[in-house]
Structure formats: structure tokens, C-alpha cells
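Quick note, the sequences are listed as chains A and B, same order. Throughout, the working numbering is defined as the position within the first sequence, counted from one, plus 31. Throughout, the working numbering is defined as the position within the second sequence, counted from one, plus 254.
Treat the hints loosely; a few may be bogus.
[What the hints assert, rightly or not] Derived Cβ-Cβ restraints for the label pairs, each shown as a range: (1) D91(A) / L282(B): 46 to 54 Å; (2) E125(A) / N561(B): 17 to 25 Å; (3) G527(B) / E125(A): 35 to 43 Å; (4) L588(B) / D91(A): 53 to 61 Å; (5) L596(B) / E124(A): 40 to 48 Å; (6) S203(A) / R260(B): 34 to 42 Å; (7) F495(B) / A36(A): 27 to 35 Å; (8) P35(A) / R482(B): 34 to 42 Å; (9) E125(A) / L596(B): 34 to 42 Å; (10) S169(A) / R278(B): 14 to 22 Å.
Source of the hints: derived by calculation from the structure; they are not laboratory data. These figures come from a predicted structure and were not determined experimentally. Every residue gets a Cβ at the ideal spot worked out from N, C-alpha and C, and that includes glycine.
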Amino acid sequence: MTQPAPILSLEGVSLRWGTRWVVSGLNLQVHPGQILGFLGPNGSGKSTTLAAISSQKPVDEGSIRIGGISYQDAPELYRQRIGYVPQDLAYYEELSARDNLLFFGRMFGLHGRSLRERVMDALDFVQLLNQADRKPNSFSGGMQRRLNLACSLLHDPLLLLLDEPTVGLDVSSREAIYDLLGQLRKRGRAIVLTTHLLEEAATLCDQIAILNQGKLMAHGSLEDVCTHLSPRGLGYFAAGAEPASIPFTPRRFEGSQGAEEQQPVPNALARMIANLAAQGAAHRKAPAPRVEPLETTTGSTLGKAA
Amino acid sequence: MFNQLRLAWEVCRKDLRLFWVDRRGVLLCFTVPIILASLFGLIFRNTSKGEIEAFEAGLVVESDSELAQAVVASLEEQSVLQLQRMDMEQARQKVATREAPVALILPKEFGKGSTDILDPKTPSAPVKPIVLHASGNEMQARLAEGILAEAVARRTADRFLATLRSMGLPGTQAMADKFQDLGRVQRICASGTERDQAVFGHSFCGMTLQYLLFLGMDCGLLLLRERRLGIWRRLTTTPAFPATLMAGRALATTLIALAQLSVSFAFAWLIFGVTISGSVLGFAIMALSVSLLAASTGLLVASIGGNESRARSVAILVILALSMLGGLWLPPFLMPSWLRSLGVLLPTSWALAGLEAATWQGGGFATALLNAGVVLLFSAGFLVLAVIGFQRAQSRASLRGGMG
Chain A
32 MTQPAPILSL
42 EGVSLRWGTR
52 WVVSGLNLQV
62 HPGQILGFLG
72 PNGSGKSTTL
82 AAISSQKPVD
92 EGSIRIGGIS
102 YQDAPELYRQ
112 RIGYVPQDLA
122 YYEELSARDN
132 LLFFGRMFGL
142 HGRSLRERVM
152 DALDFVQLLN
162 QADRKPNSFS
172 GGMQRRLNLA
182 CSLLHDPLLL
192 LLDEPTVGLD
202 VSSREAIYDL
212 LGQLRKRGRA
222 IVLTTHLLEE
232 AATLCDQIAI
242 LNQGKLMAHG
252 SLEDVCTHLS
262 PRGLGYFAAG
272 AEPASIPFTP
282 RRFEGSQGAE
292 EQQPVPNALA
302 RMIANLAAQG
312 AAHRKAPAPR
322 VEPLETTTGS
332 TLGKAA
Chain B
255 MFNQLRLAWE
265 VCRKDLRLFW
275 VDRRGVLLCF
285 TVPIILASLF
295 GLIFRNTSKG
305 EIEAFEAGLV
315 VESDSELAQA
325 VVASLEEQSV
335 LQLQRMDMEQ
345 ARQKVATREA
355 PVALILPKEF
365 GKGSTDILDP
375 KTPSAPVKPI
385 VLHASGNEMQ
395 ARLAEGILAE
405 AVARRTADRF
415 LATLRSMGLP
425 GTQAMADKFQ
435 DLGRVQRICA
445 SGTERDQAVF
455 GHSFCGMTLQ
465 YLLFLGMDCG
475 LLLLRERRLG
485 IWRRLTTTPA
495 FPATLMAGRA
505 LATTLIALAQ
515 LSVSFAFAWL
525 IFGVTISGSV
535 LGFAIMALSV
545 SLLAASTGLL
555 VASIGGNESR
565 ARSVAILVIL
575 ALSMLGGLWL
585 PPFLMPSWLR
595 SLGVLLPTSW
605 ALAGLEAATW
615 QGGGFATALL
625 NAGVVLLFSA
635 GFLVLAVIGF
645 QRAQSRASLR
655 GGMG
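I would like the entire structure built from these sequences, with the hints used as guidance.
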């Protein structure tokens, strides 16, 4: 079976702040129904990459395409294909949940009856339909996060970008978000998220990309990332060695450039990989969800504008 | 392009809605400038009636000359200075302790030989009366000086003319009468404007303008709040460009400012009779340009101020300075001449001049057009600087916050 065309493709993407390169030579693809999780310590380039994909930061080298078009080709169409969910609760507390959704829907060109229907669908999807006319400052943390997500779903984007979507949430609220993202994956949406939570990456993501100092250190499924770590590296994990001393050879991983040589791994990243390896051993990953083609989702609540 | 205009309108609609949901804020927004303008008007109304508030003044009379007695009699007829007779020592003490702002002193030799001025044998220049005052009481001292000088000049002239008449020469009587008439001053108000209209016209123009600038500041700070909450980041991933988002914000501020200005002047017309005596079209153009000025000033301050609290502090300083130096508080003639010259460089001076011309001063369309043109130039400059500054601030914020 041929794999559908990728929704998101990054080819040789390098990004810099001022004169300093913070991401270099990134190659990644995300297909319909896939969730890619960026993992890495602070300053690794996760959020910068997300900012570039969401067109908030220009690409200095390489290209980013969504559904085959880059931001330079058609800026408005490119943005129409993205739903960006910031880490902060980015909505107006003075407005009701419904009014917030109406505004963000209008910003994506929706209006009239179609807008009102989308708002109701989105509220229903995030289980806030009976809270539509309440102001979000009276919501629980989980409800606020769900509203934050709903604000980015109205225009039914091909690609959903989430910056640490469950930060500060309790377990049950986090699971509610996972459930919503799982539903979106079933509808064929591509999702890219950044996270510090290994459990989140293990539970939710089909692909994990580990970034360190702007370079892709490892990329693939959880099993791939764990199995393809250098045998020496795994041996060290098993022996419970100090993370700082773990040698890490990422050359086997697709997408990394210029990382042939043995690289020292900073403590934070090494700990993260060690935890990931431990989780990979224990984690029984659920069977990959069946990916429905985009055209079959057009009749679904959030697939109407696809 | 059309899509960006539509998106700017959507941002504007949202901002108007945000403004409207805070009903208490709306109420304050419309009533505060009216209250301030009314209070300023009521305060300045009294001074403009020519009714100067009386104040205490010491009177030291050391001279026993006829002229000194006549001057004292004259001083006692006026009502501005509440005279209290005292000796020199008491006068010095009262002025030094500021119990009395001024003391008028007629020295021992004052008035001696005053009628002998025409006599070349008069030994020396006449002794002058003195006004004693403490620092900080210059205004009262000048007023007292004027009253004293008038009393001395009038009584001296009376005595001189009496001497002239007593000579009995042909024509001297008529000459003296004419000479006496020379000293009488006629005061005529050149403009047909009602006094209340002028006073309240100025206060409503000034206070409304000042409050519009504060409104602009609030709208600018809203932008910074959006940035802090991540809303700006979300908005910049929509099809709207940053300039579109800022244009939408500026449009909303302009519309709110126009509404505020209309309500203020409607109140001024209904209660204090301040009318648009000049060109109605000129007033409309001025209203639009000052509203745009408010919006652009707010955005500029927000763009250069950094975070919300810093921006608020900078904004308050800038607005108060622009208001004071631009003559929004006090009429320009009360300010030093160098400050009045500086006013040419300030948008608030032009805005005030245009609004005053269109309302109580009865200026024509050309006057309004000139002032509105300058105000619009300032607004355009502020907007350009605001967009540049905000983009730079955004880059800096991304650089700090976007490295994860």
C-alpha cells in the first residue's frame, strides 16, 4: 500500500536567531494521521522549529511545505492549513467561550451560518457545549486547555501544531486532551507537538524527534529510537551509568545531518533518552490507528472544510 | 488585499466588543473627561469674569505727604487688596512668614515736593513706593505693583492738573480736562464669543484631547497584554499579517475615540453652550485626526515601552508632558514664551489649536485643514514607528522565549 503524501515536510531546514544557528539541516515528514513529538532539553530548538512551521519565524535555509505549498508560495493559504495551539491559554477572558471561537473562526475566513455551525461542532468536540456562554476564567484547567485547543480547530486545519499542550494539567485532564488528539489523528489530521513529558511522547506519538543544540539526534517510532540507540549506549543505560558519560552515536537515524562523529550528550538529554529507553522497554504500544483518507472525513464534524 | 481589510475589520470588531463588555469601563471612559473638563471650566470661569480673588496686603505709611494720603485713600477704594496698616517691622515679618503675600510701603520721603517736578531746582529724583513680597508670590506682587502704580499716577496727575487749572490761564481748563481723559482706558472684547463658551470650550478641547491620549494608551497596552498571554502569537498564525492586526487595533481605538469626543462635545453644547462656531466640516476633520492621533500615540508607546508596566509608566509621562506643554491644561498665554515656541513641535498643540478654532473660536475650514494635516502627519509618523518598534520588540521577545 502506498503511503499518502506527507502533510508536513521539512527539507534541510536551518534556522537562526541573529547570527547564531539554532536549528540546522532538519529533514522530517509527517503524514496524515500521524503525530510527531519533538523532545529535547530547553534551548534544543523545539519551539523555534514550531515557530518556523507556523510561519512566525522565517526559514533561513531549506524549505517547509504543508500540503505541498510553502509560506513563500501562498502565505494566506499556508496559514489556512495550520492550527496553532500556543502553550499559553491564548484567548480573551472577557469573552465567552462561544465569542472567542466566533472571533478566531472569523480570522480564518469563516462567517455566517457555517461559522456558527463550526463553533457548535468545536464546542461539542471539546465537550464544552453546555459551557458555551460562560467566560473561560470560570473554567477548570482542563476545560481551559480544551477551549485553547478548540480555538485552533474551527477552520479544520490539515496540520495541528501544539506547544506543550498539557503543561500544568492533572492526569485526567491530560488524558482528555490525549483522547481529543487521538480523535483528530483518526480523522487524518497531522499533528506536531513539543513536550517535556516522556509519557506523553510514548503514549501519543507515532514519531519522536529528539533535538539537541538544534540537531536531530534521533528520529522514528519509540521502538526505533530505543532500538537504534548505539549498543554501547543501551549497555550504559542497562548498567545504570551516569548519563553524562553515555556515548551516543546517532548516525543510524534518518534525517540527521553532519552527526557522523561521536557526540557528547549533555546531561538533560541523556537523562531524557535513558527515561525514554526505560519506558520503551515497559511500554506496550497500542496498535497504530487506522488512518482514514481525508476525503472520507469530509462528512465528519470537523472535516467539512477539508 | 481585500481579505486583509476584512481581517482588520474583524480585529476592530473584536476590540470594540472587548471595550463594550466592560460596562463600568465604558461609563468611566465617557464620564471622566466630561467631569474633568467641567471642573477645569468652572475653575477658570471665575478668573475670566475679571473677578480676582482678594488677598491680604500690609500697608506701611511712613510718609505724611499729601500725595501719600491721597494714594492711601485711593488704595482703600479698591477691593482686590485687603489692606492692613502696620509698621515696617511687622510688614517684614508678615511677608517673611507668608502671613501676607505682599506689603505696600510708602517711604518717609515719598511724595515730598511732588508738585515741584516742573521746578528745575528740585534737588533729587522722587522717592519711589515699594512692594515687598516673598519668593513664590510674584503674581500677587505684580498685581499689587499695578494697583499701587495706578493709584500713584492717578493722584499725581490729579494734583498736577489741579495746579494747571488753578493757573487760570486761557484754555488751561479745557486742556486739563482733555489730559484727564487720556488716563481713562476702554476695554473691548473683540470676539463675539460668549465668555462661558470660551472658557468651557478651552477646557473641553484640552481635557478631551488629554483623555483621548489615555484611551490610546489603554488600547496600546491591550496589545502588550495579548503578547504576554500568547494571543498575539496565535493571531500571527492566522492569515492576518502583523500590520493588519495593528491596523485593526488602530481602527477600533479611533472609533472609540470618536465616540468619546462626540459625547464630550455634545455634553459641552447641552450644558455649557459650547457650539461649533467655525466650520462643521473642519470640526469633523479635526475630530477624525485627533482620534487617529490617540490611536497612533498609544501604539507607539506600546511598541517602545517593553512590558505592560514599563509601557504604562512611559505612556503616562509622555501623555502628561504632551498635555502640559501642548497647552491642554492652561491657556498658552499663561506659559513662558520658550514653552509656547516648543509647542510647534508637539502634535497636541496643533490638535488643540484645530479643535479650538473649529469650536469656540469660530475658525474657518482652512484653519482646521492646516491643523488636521499636521496632526495627521504626526499620526502617520507615529504609526510607522509603532509598526517598526513592535516588530523589533516581537523579534526580541521571540529570541528570548523561542529557543526551547
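Results of checking the hints against the structure:
For the hinted restraint 46 to 54 Å between D91(A) and L282(B), the CB-CB distance of approximately 48 Å keeps it satisfied. Separated by about 20 Å at the C-beta atoms, E125(A) and N561(B) satisfy the suggested range of 17 to 25 Å. At about 39 Å, the CB distance of G527(B) to E125(A) agrees with the hint of 35 to 43 Å. A beta carbon spacing of about 58 Å between L588(B) and D91(A) agrees with the range 53 to 61 Å that was offered as a hint.
Take L596(B) and E124(A): their Cβ atoms lie about 43 Å apart, and the range 40 to 48 Å holds. S203(A) and R260(B) have their C-beta atoms about 41 Å apart, which keeps the hinted 34 to 42 Å range intact. The hinted window of 27 to 35 Å between F495(B) and A36(A) holds, with their beta carbons roughly 29 Å apart. The hinted range of 34 to 42 Å is satisfied by P35(A) and R482(B), whose Cβ atoms lie roughly 40 Å apart.
With their beta carbons about 40 Å apart, E125(A) and L596(B) fall inside the hinted range of 34 to 42 Å. Checked against the hint of 14 to 22 Å, the C-beta distance between S169(A) and R278(B) comes to roughly 19 Å, which is consistent with it.
In summary, the structure agrees with every hint in the numbered list given earlier.
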